[in-house]
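Participant: Given these sequences and hints, build the entire structure.
Mind the numbering: the sequence shown is residues -21 to -1, 1 to 287 in mature numbering (1 follows the signal peptide of the UniProt record, and there is no 0), read in order.
Derived by calculation from the structure, the hints in this document are not laboratory data.
All of these numbers come straight from a predicted model, not from anything done at the bench.
Hints are supplied without guarantee of correctness; some may be wrong.
No more than 20 Å apart at the CA atoms, straight line, and that leaves these computed lysine-lysine pairs for PhoX-like [unchecked claim]:
id : residue 1 : residue 2
1  : 134       : 31
2  : 122       : 273
3  : 25        : 10
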Amino acid sequence: MKKIIGLLLSLAFLLAGCGNGATESTQEDGKLQVVATTTMLTDLLKEIGGDKLQVEGLMGPGIDPHGYQASSSDVTTLMNADIVAYNGLHLEGKMGDVFENLVKQDKTLFVLEEAIPESTLLESEENGGAVDPHIWFSVNNWKLAADYITTELSKVDVENAELYQENNERYQKELDELIVYIEGRIEELPVEQRYLVTAHDAFSYFGNSFDFEVVGLQGVNTQTEAGTGDVSSLAGFIAEKKIKAIFIESSVPTKTIESLQEAVRSKGWEVEIGGELFSDALGDESQDAETYVKMYHQNIDTIVDALK
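Facilitator: Structure (structure tokens):
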């Protein structure tokens, strides 16, 4: 099956590469055509690129990048872009063949993992030491990502480099203000109540940045299954620590957290489902979580309000 998918992707790349849509589209409206994988990266490119970029995201709100598979139409979209941007660190785990083909096609790639020093990357003990790809939950990492996008855009589009730098300076201030807001909200919680329990281990960078103990029922990859022993062990931990709330995620099915809640009840402790967090994807405008900054505001408010 994997070979068949690979052949189909290769054919899609061959057909997409026969045209010169990317060159034509850039010449028509003067904007660089950029395709990004995740919603977080799509938002970042819009913040830095402003009206000089035409940014399209492959994945919409609530889409899990761990399990996302590119369709033939996605391949065409990627091939017709001037620039393709993706997170890396195996976040888009089922798109490896696609990225390899883009390299062979000499596509201009912005790979966010290149922005983050190895010393700041976290490893997941549950996944054999694999690097945790959820780098955006460190706001300082996201500041580095913004610098990286600014630098790379300026190389490709020298004419608008000054504008990209100005947009980055504005955005850096917004991110600094976000850090202040997060720290202020966390101060409302006693240290002994700073436990974040979620469906999968997406929030370790948040925990590392803001002194929260973070526990995910699944590992860093949503494609792994939590066993009954995992559920029972975590339920015992929640009951022992008397944790008030656990959280579902917008891009992960709710059944795992609901099962965990039942297991905690069997241990003699009532834990609430404290609300929905945005983990691997932003929300939409109706949720007031359609940008990175708004998403983080929603998450921290949900966490603190439920744990108080």
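Participant: All hints, please: hold or fail.
Facilitator: Going through the hints against the structure:
Among the hinted pairs, residue 134 with residue 31 is consistent with the structure: their alpha-carbon atoms are about 14 Å apart, no more than 20 Å. Taken as a hint, the residue 122 and residue 273 pair is honoured in the structure, with Cα atoms around 16 Å apart against an allowance of 20 Å. The hinted pair formed by residue 25 and residue 10 meets the criterion: a straight-line CA distance of about 12 Å does not exceed 20 Å.
The structure agrees with every numbered hint stated previously.
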